[in-house]
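K.L.:
Dock chain E against chain W, hints included.
Chains as they are written, first to last, in the numbering used here: chain W, 6 to 216; chain E, 106 to 347.
Worth flagging that the hints you see were computed from the coordinates, not collected in a lab.
Among the hints, erroneous ones may be present.
As a list, the in silico SDA-like pairs of lysine to any residue whose alpha-carbon atoms are at most 25 Å apart [unchecked claim]:
| hint | chain 1 | residue 1 | chain 2 | residue 2 |
| --- | --- | --- | --- | --- |
| 1 | W | LYS11 | W | GLY44 |
| 2 | E | LYS151 | W | TYR63 |
| 3 | W | LYS162 | W | THR88 |
| 4 | E | LYS273 | E | ARG227 |
| 5 | W | LYS22 | W | ARG56 |
| 6 | W | LYS22 | W | ALA33 |
| 7 | W | LYS11 | W | GLN29 |
| 8 | W | LYS162 | E | GLU205 |
| 9 | W | LYS22 | E | LEU245 |
| 10 | E | LYS151 | W | VAL64 |
| 11 | E | LYS251 | W | ALA76 |
| 12 | W | LYS162 | E | TYR210 |
Since this is a predicted model, take the numbers as computed values, not measurements.
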Amino acid sequence: MPELDKLHEAVIEGDWKAASAATQAAIAAGVAPLTIVGGYLVPAMDEVGRRFDCEEYYVPEMLLSARAMKAAMEIVRPLLAATGAEPVGRVVIGTVKGDLHDIGKNLVASMLEGGGFEVIDLGADVAPERFVEAAAARHAGLVALSALLTVTMGSMKTTIDAFQAAGLREKVKIMVGGAPLTRQYADAIGADGYTDSAGGAVALARRLVAA
Amino acid sequence: MRLKLISCEVLFREMCDACAHSPHQVDLEFLPKGLHDLGGKPMAAKIQEAVDRTPEGVYEAILLGYGLCGNGLDGLTARHTRLVLPRAHDCIALLMGSPERYQAYCEQNPGAYYRSTGWLERGKGLQQLTHDTIGFDQPLESMIRKYGEDNGRYLYEEMTRYRSQYGKLTFIETGLEAGGGFIAEAAAEARECGWIFERLPGDLAWLRRLVDGDWAESEFVVAGPGQRIAASYDSGVVKVEA
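For reference, chain W alone in the conformation it holds in the complex (with noise of 0.2 Å):
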């Protein structure tokens, strides 16, 4: 159909108007919305995550596509609702206490939704206590850490080990990513899963929630 294609291409070339029409045109023609994020979306988003992972795309590319895949996921997500269809997964995001810095956070969040998932954003500068709170709210299986500076990364094990210590840790998987952490280091704090980029992190999420 012409314009879920267009809706493909939008969502890669970064153009939300576009997305946003082509949305729209293909709810009017009748399209589930299941095949909207199911067929296109999610494959738009994870050639926007391979592109920037081989250096063809880099950071305001990545979020221009997030904006035009979030454009499209105004329209669907009320109708997904409607149709009662559960989404992938639910996964609580935040960038850890202590740390400002949200765009690496903000995209891999961006990523998810793309990929399907529920995303409940915790913002920037989180305690850990309110990751425990908001992933036992909101029955959050998957809870996603971010850290920018090395100084900051330890927050990422004091969050884990407030897991651990609300009795919640065999009932979240937890992945870790940010500029200056290393597998290694993810391992070494106990956390679920660990990657390097955000097309990745949907990858990765995918794979925590199947398990």
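P.N.:
Chain E alone, transformed into the frame defined by chain W:
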């Protein structure tokens, strides 16, 4: 001792002062502050180049005027001459004089932006050397030029929003300010942003111990020939690997 100091230019005044007072002969080499913006691996590669062009058999040690700097020192390897690096997260910790003081200050002030003489006179932006396609710290006009009116404004907002969460500008005062110009400039910047302005007394003793050859294990890592400096992700900040 004859020592070689390879340092980030952000510490230019402090290092020059420390070297002038050192009992040792210290040869200085400053590298651009913008290396920080390249990311951990490319930054480490540039510093490794500076280490590698240091002649063999001339120096007792190569001193590194850095901290871990976002993993920008991770993986650095000592060749023929040992490397000495403070166990600091970054230059702000060095200017504050101890990792404990820095950690405590960060925890109490997550929304603090830091300034020092180097941060004022050596370029304020973080983006000296990065490829312009990455787009951080670009003014609104250049974002609009590149991405169009609507998307340019959106990107500018998205990429600068974190700044709106900062509430304080902390100027670390070391006594090397040479006149009131630096403090006035930092105060004006705080005023412009609507942030609280704080003058925090710095402490250069740690940095001086680096160039004085006073390298206690608790404050410095020393990597011998063939050994590698690595992030330790604990209170020691960095460690040595074989």
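K.L.:
Next pair to validate is E:LYS251 with W:ALA76; report whether the Cα-Cα distance is within 25 Å.
P.N.:
Status holds; Cα separation ~22 Å.
K.L.:
Decide if the proposed pair is consistent with the structure: W:LYS22 and W:ALA33, CA atoms, cutoff 25 Å inclusive.
P.N.:
holds, 17 Å
K.L.:
Between the alpha carbons of W:LYS162 and W:THR88, is the straight-line distance 25 Å or under?
P.N.:
violated, 39 Å
K.L.:
Hint check: E:LYS151 vs W:VAL64, CA-CA at most 25 Å. Holds or violated?
P.N.:
holds, 24 Å
K.L.:
CA of W:LYS162 to CA of E:GLU205, is that 25 Å or under?
P.N.:
holds, 18 Å
K.L.:
Between E:LYS151 and W:TYR63, does the CA-CA distance stay at or below 25 Å?
P.N.:
Since the Cα atoms of E:LYS151 and W:TYR63 sit roughly 22 Å apart, the hinted pair holds (cutoff 25 Å).
K.L.:
Is W:LYS11 within 25 Å of W:GLN29, Cα to Cα?
P.N.:
Distance ~12 Å between W:LYS11 and W:GLN29 Cα, so the pair holds.
K.L.:
Would you check the hint for W:LYS22 and E:LEU245, treating anything up to 25 Å between C-alpha atoms as holding?
P.N.:
Holds: W:LYS22 and E:LEU245 sit about 21 Å apart, inside 25 Å.
K.L.:
Given the proposed pairing of W:LYS162 with E:TYR210, does the C-alpha separation stay at or below 25 Å?
P.N.:
Holds: W:LYS162 and E:TYR210 sit about 20 Å apart, inside 25 Å.
K.L.:
Please work out if E:LYS273 and E:ARG227 have their alpha carbons no farther apart than 25 Å.
P.N.:
Given pair E:LYS273, E:ARG227 holds - Cα atoms ~21 Å apart, limit 25 Å.
K.L.:
Can you confirm whether the C-alpha distance between W:LYS22 and W:ARG56 stays at or below 25 Å?
P.N.:
Holds - the C-alpha atoms of W:ARG56 and W:LYS22 are around 22 Å apart, at most 25 Å.
K.L.:
Please verify whether W:LYS11 and W:GLY44 have alpha carbons no more than 25 Å apart.
P.N.:
holds, 13 Å
Taken one by one, the earlier hints fail for this structure only at number 3.
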